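Using the numbering used here, the first residue of the sequence shown is number 131, and each one after it goes up by one.
Take these hints with a grain of salt, some might be off.
[As the list claims (entries may be wrong)] Straight-line C-alpha distance at most 25 Å; calculated SDA-like pairs for lysine to any residue: (1) Lys480 / Ala492; (2) Lys480 / Tyr449; (3) Lys352 / Ala336; (4) Lys391 / Ser345; (5) Lys436 / Leu321; (6) Lys436 / Thr446.
Bear in mind the hints are in silico, worked out from the structure with no lab data behind them. Just so you know, these numbers come straight off a predicted model, no measurement behind them.
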Amino acid sequence: MMVTHEAVSSGRGLTPTQLIGLDVLLAMALMAWNVSWWTLGTHRTGWPAWQAVLTCSLVLSVAVRRLLPLPALAVASVTMATEAAVGLSGIMATALLVYEVAVTRPTRVAAYAGAVAGAAQLALMIPLQGITGHSWGRPGMIQVLIVEAAAWAIGWSTRQGRAYTRGLVEQAEERAQLLLVEERMRIARELHDVVAHSLSIVAVQAGVGHHVIGSRPDEAAKSLSAIETTSRQALGELRSLLGVLRDHGAEWLPGGLDDLKTLLEQTRRAGVQVELTISGHPHALPRGLDRAAYRIVQEALTNVVKHARTSHARATVTYAPGEVALTVVDAGAGRTTTPITEGHGLTGMKERAALYGGEVHAGPLSPHGFRVTARLPYATDERTAQFPVGADLEGA
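When you get a sec, could you build the whole thing from the sequences and use the hints?
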């Protein structure tokens, strides 16, 4: 996020200290202009003391305009009401101060300051004419006020443009932060699904192998084989996921409903026989939704392996136009009296379904068992049913 702010600041080219230095140089140039005007002009005979004081006040106001914009404008307004600023340099200096106030101060404050400055110039002009012996005349007064009004309008427009740019930057940062949080949640869900499912099967198989290694070495060998197969598949998925994190162009290799047979075989090796029923007309699903459906079934079966204490479960996938429904039921020791505490698994299933406008319901059955149901809707059209299960519908 800091990179964005630095880019915005560096886009202006100069630091605040450097900008103040330029203001000092500009003030010195204005001083040189006024000195040459009063001392070297063909119709000038000298530089009056009062004129020197007013000129110094004008250039000092320009030098500190970024530090004290309102006091600088007040001093310049008095100066503009006299002969000191009758030239182009004086008009430019005052316009610059009006611009600075409009840029750096809120609109209401800047408007009040500009109006007061213009009124003060008009109010002081007549009495000061008696001291200086010079008169601007009505056209000159109007021209000066028009220039100051234009400078105020440009400053106000610049302030609004900067505020709009800052708003865009803040919105971009908020969107980036939101995307970062969503990506972290997605990665956490993927890691949980891969690790929890695989380690659950490994733990069950390791327990079986440890139990029978003395009496039935062949069964222990089967358990070790299942552990090897499951761990290799988990490592493959983790490598794929880590590859996506390292390289945005890498392809994540998630499961889909067409991989359910492999999932059921892993579950069978863990000691739970799953009866799969597919109803409706199987067809391709959007890639993200297909992955979410697979992960929901995977998590539900992982919970059966870990908690149900049963050797049998049923999984049902129902295809319908614009919707796929999932059901996983076991006949294990479902909780009928103990309140259900949602862990990361059940929460992750609900979050996955919610991403696609779906819902997940989970609860115990009477007298025993547990059921997880999910409904995932999606936009469909006439071509959807033409693609087989596992096809890349989003890229078609």
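Hints, one by one, checked against the model:
About 10 Å separates the Cα atoms of lysine 480 and alanine 492, which keeps this hinted pair within 25 Å; it holds. A C-alpha spacing of about 20 Å is found between lysine 480 and tyrosine 449, which places the hinted pair at or below 25 Å, so the restraint holds. With a C-alpha separation of about 10 Å, the suggested pairing of lysine 352 with alanine 336 holds against the 25 Å cut-off. Distance check on the hinted pair: lysine 391 and serine 345 sit about 31 Å apart at the alpha-carbon level, beyond 25 Å; violated.
Restraint check: the Cα-Cα separation between lysine 436 and leucine 321 comes to about 17 Å, which is no more than 25 Å; the hinted pair holds. For the hint pairing lysine 436 with threonine 446, the CA-to-CA distance comes to about 20 Å; that is within 25 Å, so the pair holds.
Violated hints amount to a single one, hint 4; each of the other numbered hints is respected by the structure.
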